[in-house]
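Asker: One-letter residues, chain by chain:
Number of protein chains: 2
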Amino acid sequence: MRALALLLLTSCASNAWSVERATSVATDRPLRAAFLIVDGVYNTELTAPYDLFQHTVFHTKPGIEVFTVAPTKAPVTTFEGLVLTPHHDFASAPDIDILVVPSAEHSMDSDLENEALIEWVREVGGRARFVMSLCDGAFVLAKAGLVDGRWSTTFPSDQDRYAEMFPALDVKRNVSFVHDGKLLTSEGGAKSFDVAMYLIEHLYGVEVARGVGRGLIIEWPPSAMPHLVR
Amino acid sequence: MRALALLLLTSCASNAWSVERATSVATDRPLRAAFLIVDGVYNTELTAPYDLFQHTVFHTKPGIEVFTVAPTKAPVTTFEGLVLTPHHDFASAPDIDILVVPSAEHSMDSDLENEALIEWVREVGGRARFVMSLCDGAFVLAKAGLVDGRWSTTFPSDQDRYAEMFPALDVKRNVSFVHDGKLLTSEGGAKSFDVAMYLIEHLYGVEVARGVGRGLIIEWPPSAMPHLVR
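Sequence order for the protein chains is R and P. Oh and the first sequence: position 23 is 23 in our numbering, straight run, nothing missing. To get our numbering, take the position in the second sequence, counting from 1, and add 1000.
Calculated from the structure, these hints are not laboratory results. One should not assume that every hint holds.
Among chain P residues calculated to face chain R with C-beta under 8 angstroms, some are [claimed, not checked]:
#: 1; residue: 1047
#: 2; residue: 1068
#: 3; residue: 1082
#: 4; residue: 1083
#: 5; residue: 1084
#: 6; residue: 1090
#: 7; residue: 1181
#: 8; residue: 1189
#: 9; residue: 1191
#: 10; residue: 1211
#: 11; residue: 1215
#: 12; residue: 1216
#: 13; residue: 1217
#: 14; residue: 1218
Just the calculated beta-carbon pair ranges, DEER-fashion [stated by the list, open to error]:
#: 15; chain 1: R; residue 1: 61; chain 2: P; residue 2: 1027; range: 16 to 26 angstroms
#: 16; chain 1: P; residue 1: 1115; chain 2: R; residue 2: 145; range: 51 to 61 angstroms
#: 17; chain 1: R; residue 1: 206; chain 2: P; residue 2: 1127; range: 45 to 55 angstroms
#: 18; chain 1: R; residue 1: 73; chain 2: P; residue 2: 1115; range: 30 to 40 angstroms
#: 19; chain 1: P; residue 1: 1029; chain 2: R; residue 2: 61; range: 45 to 55 angstroms
#: 20; chain 1: P; residue 1: 1129; chain 2: R; residue 2: 24; range: 33 to 43 angstroms
#: 21; chain 1: P; residue 1: 1083; chain 2: R; residue 2: 105; range: 12 to 22 angstroms
#: 22; chain 1: R; residue 1: 21; chain 2: P; residue 2: 1057; range: 42 to 52 angstroms
#: 23; chain 1: R; residue 1: 119; chain 2: P; residue 2: 1077; range: 27 to 37 angstroms
Bear in mind that the values here come from a model prediction, so they are computed numbers and not experimental data. Every residue gets a Cβ at the ideal spot worked out from N, C-alpha and C, and that includes glycine.
Just chain R, with the same shape it has in the complex:
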């Protein structure tokens, strides 16, 4: 169950890709994936997993239902300047199976001092079946205690700061993502697709992942993708 699998990046195709299937995925209803959005959220770290999860509904039934959750219903301005109207605020969000925390401009500083934000992440993430961060979203999860005792990763140039701020945590480097129990943490950026594709295969199998990948011109299974599964 806790087998260690480490795929090293190689320049040639490898047949080593293999993903353990999740047990007992609900089939009588969609899995609900909530994407936390706050001012300064980074577009790609929101949209890469959002798109892949949403597209599952075209390849499996019932697939994943995606929505955004923000502290309030006020519009959220992303780091790059898009203006998003949240689907839910903290008070109205439905039960959540997968909590996704993309990085935001202040994931490493003032967001961590926002008690309502951290408390919501702690409570909802604690009950969720999976919790995923992209890039510096790992800081938010760590602050909420959701990384305690688990392996994790974050944006490469922020890994030192992460290790300093959370010295008890075991930060992993030079991997696209880490999967440890219910926690998935990704380096972020354009690598944000990798962890989401992996979770889709974990939940629904390689054929569903292959179909979702085709829609976004992502080769799946990958020939190489450095990651860690604990």
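Chain R is already provided as a structure; the job is to place chain P on it using the hints.
Answerer: Just chain P now, kept in the frame of chain R:
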């Protein structure tokens, strides 16, 4: 000037990457990149180039100013369900240097019958210095006449339909993107990063592109990236 360069995908690193620099890029003001958003626009094909262009401002001055333009100021719901408030409508959009047309759910059918949409694309794209499509955005550009006489590409499984609908056009296959004069067309999906990175290098040079790539964990210059420059 019109040298043909075709990089084939290889499994090993190549030193063949080379991008011709654009002449006379404005340095006294940002280049203005408008992203056309309509209901059903695909997130990734919007956000991949949007993010890369926006991040130029951290690596060169004055870089690229990005904004969304929609037919009206009403909120736009993306294909995957995000709700965006446009920055401008057709009437209020400022002068545009780079027109970006991401694909949308109806890029191949009803959007092509929307005369106001096609006319706006024709006029604005005609005046713009560069016009870029992602995925099926190429259908919109083709309908507007902006692809006439040029090489182009679109989403792989829609290339046959594109060739049938626009039989005079020379559609290119098995390439991430095509650059022909002021026109850049991309296969779309996760490949949407490629064409935007390329244009950044074309405009600002490889060091700026490398810096922008680092922020999204995109290796630049790439070891291989199949594309065509006419």
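Asker: Looking back at the hints listed earlier, which ones does the structure fail to meet?
Answerer: Violated: hints 6, 7, 10, 15 and 20.
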